[in-house]
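Undergrad: These are the residues of each chain, in order.
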Amino acid sequence: MWAILSLLVENKPGILFKVTHLFRARDFNIDSISVGVTENPEYSKMTITTFGDEKQIAQIVKQLDKMIDTVKVERLDEHKTVYRELSIFKIKLSNANDSMEVNKLANAYGGKVHDVKKESIMVELTATPDQIKAFEELAKPFGIIDVARTGVAALQRSGAE
Amino acid sequence: MNNMENMIGAKALMTAMEKEGVKEVFGLPGGANLPMYDEFARCNIRHILARHEQSAAHMADGFGRVSRKPGVCFATSGPGATNILTGIATAQADSAPMVAVTGQVPTPMIGKDAFQESDIIGMANPVVKYAFQPRHASEIPEVVKKGFFIAETGRPGPVLIDIPKDVQQNEAEMVFPDEFKIQGYHPWADPDIVAVEKAIDMLLHSQKPVILAGGGTIISSAFAELQAIAEALMLPVVTTFKGKGAFPENHPLSLGPIGMHGHAEANKIMSEADCVLAIGTRFSDRSVGTFEEFERNLKIIHMDVDPAEIGKNQTAQLAVVGDVQMNLRIMVKLLLQKAIKKTEETPWVKHVKETKSYWQENLKLHPGEMGAAKILRKLREILPKESIITTEVGQHQMWASLFYDVIQPGTFFSSTGLGTMGWGFPAAIGAKVAKPDVPVVDIAGDGSFAMTENSLATAVLEDIPVIVFVLNNFTLGMVAQWQRTFYDRRMIGVDQGHCPDYVKLAQSYGAQGIRAQSMDELDKAIRDALSSDVATVIDIPIDPEEDVLPFVAPGTSLKDMILPS
Numbered sequence: 001m002w003a004i005l006s007l008l009v010e011n012k013p014g015i016l017f018k019v020t021h022l023f024r025a026r027d028f029n030i031d032s033i034s035v036g037v038t039e040n041p042e043y044s045k046m047t048i049t050t051f052g053d054e055k056q057i058a059q060i061v062k063q064l065d066k067m068i069d070t071v072k073v074e075r076l077d078e079h080k081t082v083y084r085e086l087s088i089f090k091i092k093l094s095n096a097n098d099s100m101e102v103n104k105l106a107n108a109y110g111g112k113v114h115d116v117k118k119e120s121i122m123v124e125l126t127a128t129p130d131q132i133k134a135f136e137e138l139a140k141p142f143g144i145i146d147v148a149r150t151g152v153a154a155l156q157r158s159g160a161e
Numbered sequence: 001m002n003n004m005e006n007m008i009g010a011k012a013l014m015t016a017m018e019k020e021g022v023k024e025v026f027g028l029p030g031g032a033n034l035p036m037y038d039e040f041a042r043c044n045i046r047h048i049l050a051r052h053e054q055s056a057a058h059m060a061d062g063f064g065r066v067s068r069k070p071g072v073c074f075a076t077s078g079p080g081a082t083n084i085l086t087g088i089a090t091a092q093a094d095s096a097p098m099v100a101v102t103g104q105v106p107t108p109m110i111g112k113d114a115f116q117e118s119d120i121i122g123m124a125n126p127v128v129k130y131a132f133q134p135r136h137a138s139e140i141p142e143v144v145k146k147g148f149f150i151a152e153t154g155r156p157g158p159v160l161i162d163i164p165k166d167v168q169q170n171e172a173e174m175v176f177p178d179e180f181k182i183q184g185y186h187p188w189a190d191p192d193i194v195a196v197e198k199a200i201d202m203l204l205h206s207q208k209p210v211i212l213a214g215g216g217t218i219i220s221s222a223f224a225e226l227q228a229i230a231e232a233l234m235l236p237v238v239t240t241f242k243g244k245g246a247f248p249e250n251h252p253l254s255l256g257p258i259g260m261h262g263h264a265e266a267n268k269i270m271s272e273a274d275c276v277l278a279i280g281t282r283f284s285d286r287s288v289g290t291f292e293e294f295e296r297n298l299k300i301i302h303m304d305v306d307p308a309e310i311g312k313n314q315t316a317q318l319a320v321v322g323d324v325q326m327n328l329r330i331m332v333k334l335l336l337q338k339a340i341k342k343t344e345e346t347p348w349v350k351h352v353k354e355t356k357s358y359w360q361e362n363l364k365l366h367p368g369e370m371g372a373a374k375i376l377r378k379l380r381e382i383l384p385k386e387s388i389i390t391t392e393v394g395q396h397q398m399w400a401s402l403f404y405d406v407i408q409p410g411t412f413f414s415s416t417g418l419g420t421m422g423w424g425f426p427a428a429i430g431a432k433v434a435k436p437d438v439p440v441v442d443i444a445g446d447g448s449f450a451m452t453e454n455s456l457a458t459a460v461l462e463d464i465p466v467i468v469f470v471l472n473n474f475t476l477g478m479v480a481q482w483q484r485t486f487y488d489r490r491m492i493g494v495d496q497g498h499c500p501d502y503v504k505l506a507q508s509y510g511a512q513g514i515r516a517q518s519m520d521e522l523d524k525a526i527r528d529a530l531s532s533d534v535a536t537v538i539d540i541p542i543d544p545e546e547d548v549l550p551f552v553a554p555g556t557s558l559k560d561m562i563l564p565s
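Chains as they are written, first to last, in UniProt numbering: chain A, 1 to 161; chain B, 1 to 565.
Source of the hints: derived by calculation from the structure; they are not laboratory data.
Just so you know, these numbers come straight off a predicted model, no measurement behind them.
Misleading hints may appear alongside valid ones.
Label pairs and their calculated CB-CB ranges [said to hold, decoys possible]:
1) Ala134(A) to Lys181(B): 44 to 50 Å
2) Lys23(B) to Ala25(A): 30 to 36 Å
3) Glu10(A) to Gln337(B): 41 to 47 Å
Backbone N, C-alpha and C fix where the C-beta goes; we use that ideal spot for every residue, glycine too.
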């Protein structure tokens with residue numbers, strides 16, 4: 001089972017290390033992680049996506065909560081959450097048609113096109129991990145040269161708390 | 001503010017520790033902690049010199065468990081700091097309050113692979129409750145205040161304070177705060193009356209209920225509450241090994257520890273029970289065997305101060321989160337209010353008592369004069385009931401669990417979680433410092449004692465007369481037992497030979513060394529040790545082939561005990 005965890009932590013050096021170390025030590029999985037300072041510079045927000053069975057995920061939340069540097073740990077319900085990941089794909093262009101086809105594909109997923117060259121094109125796509133995966137499958141036939149992903153950022157919808 | 005003062009970081013450290021009530025520090029000096037050491041010349045804290053930083057940490061651990069206040073150890077940077085890691089990890093595994101203070105290379109040298117530099121904050125992370133590295137001298141008073149608070153509250157544990165040498169030396173205007181805030185730290189939940197009421201209900205509605213008392217019962221000193229509940233509901237009490245002695249082991253309802261080397265009657269009754277009130281336990285594999293088998297047909301009421309323990313190893317039907325003593329007090333109160341007091345023995349309690357007397361009469365013991373059971377029962381017979389026991393790790397430890405009955409709760413301590421050989425002797429020194437007026441005995445084996453035997457220097461020079469009670473089988477006995485049992489008697493790497501001669505070793509340190517080869521000699525040796533002003537090592541040669549039995553093999557369940565044939 002996939003889960004999105006949102007952690008409000010003190011914005012101090014070493015906290016990211018402690019969080020990832022906890023995952024390592026307890027044999028949990030980090031699927032993706034993104035970190036950024038909040039509107040209050042005293043805190044950072046970490047969004048971690050992870051997977052495990054119900055019991056494991058409950059344990060992960062409790063162990064994270066037990067950490068003294070975490071101020072708030074929440075497991076977000078993906079149906080009540082806006083969650084997005086930024087990805088950048090560098091895609092191979094083999095013939096004249098490819099450029100148009102990739103453009104179409106990018107448009108279909110709400111992506112933006114950058115760095116159009118004769119032999120490659122870049123697509124910036126902000127979407128859910130599932131949508132990014134689906135885009136990746138469709139882009140594969142063209143040839144994916146490189147990809148970079150940020151990990152998920154997530155916020156609960158108002159009224160969903 | 002009147003509590004503001006100019007001083008160097010090292011002085012602020014000692015002043016802040018004095019304010020925390022610290023009277024003793026166990027440690028070893030080195031280059032990076034010299035400024036702190038210099039302050040011993042100007043403060044009222046006694047320094048107790050260890051001969052290895054690991055031992056200093058174990059001394060602080062033993063002190064902390066007995067006094068229930070953080071024991072303090074000092075080490076220098078680099079190897080000094082890495083040497084205390086085992087001691088810190090031991091304290092963490094057993095939830096013992098400790099504050100470890102290490103020197104660090106000066107701030108500008110951090111990250112430059114300086115001489116005796118180690119990233120101790122990084123290394124210690126998974127084995128500390130919290131770690132601080134103040135970068136400005138002015139942070140020290142608050143760091144110390146927070147460090148002691150974190151170490152001793154909630155589920156206790158070790159706190160590391162790593163101080164770069166320049167931070168120790170720099171002068172700053174120090175404010176010693178009375179109040180502070182740690183936003184993400186919630187050591188206690190409020191008592192949960194609703195859950196406690198449900199727990200009583202579950203216990204009353206089960207046919208075969210038991211209490212399983214874990215180490216948390218001892219940490220929170222919930223002895224009186226536990227006994228009141230056991231007696232009011234007529235519940236048999238088993239313990240984990242760490243919970244050994246949470247309940248007087250001479251009480252008719254006591255069955256002793258369960259687990260890999262639990263008492264036969266305790267394992268038997270635990271496997272038959274249909275409902276357990278589990279108090280302050282993390283359901284270690286050594287206590288419960290296989291997790292799936294343990295919880296089959298068993299309703300678990302799990303009381304613990306640490307919410308992360310609920311559901312970690314065993315699934316609880318009912319969780320009571322919060323300080324164990326507070327919740328047990330509520331239970332006692334509710335039982336009184338509802339006038340619940342069982343007076344008639346249920347068939348279950350009759351069965352429990354029969355099972356207990358069966359195993360007490362029929363468990364086969366070593367036939368020789370110097371069998372482990374006879375030796376430990378002799379020790380029990382002579383020691384006053386308030387004596388404190390520490391143990392090392394191995395066969396002797398499990399024999400102590402089986403054959404040394406704890407009568408006064410909270411007088412038995414062991415490295416139960418990490419299983420650190422060499423813990424018992426330095427921990428005994430720490431315990432004796434915390435309680436100088438009671439006898440302190442380290443029940444040891446030759447293998448473990450060898451690991452920290454140089455603490456004899458500390459015991460002698462610092463005038464800390466503890467007793468080391470060595471069951472000497474000249475072997476790494478527990479490993480040997482596993483090799484006999486599981487590896488077809490291929491004995492590899494377990495023979496310790498008759499080396500060293502522990503009587504001569506003790507004497508060479510200026511301690512008393514006595515060899516006891518018969519029950520009469522043992523009787524006399526124990527009495528001599530008790531009346532001695534110096535530390536005493538009693539060397540007791542035993543049969544290298546004696547196994548610890550019963551034995552629940554790893555990966556099996558409590559009802560599958562290997563018994564003496």
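Undergrad: Evaluate each hint against the coordinates.
TA: Hint check results:
| no. | hint | result |
| --- | --- | --- |
| 1 | Ala134(A) to Lys181(B): 44 to 50 Å | holds, 47 Å |
| 2 | Lys23(B) to Ala25(A): 30 to 36 Å | holds, 35 Å |
| 3 | Glu10(A) to Gln337(B): 41 to 47 Å | holds, 44 Å |
Checked against the numbered hints given earlier, this structure breaks none of them.
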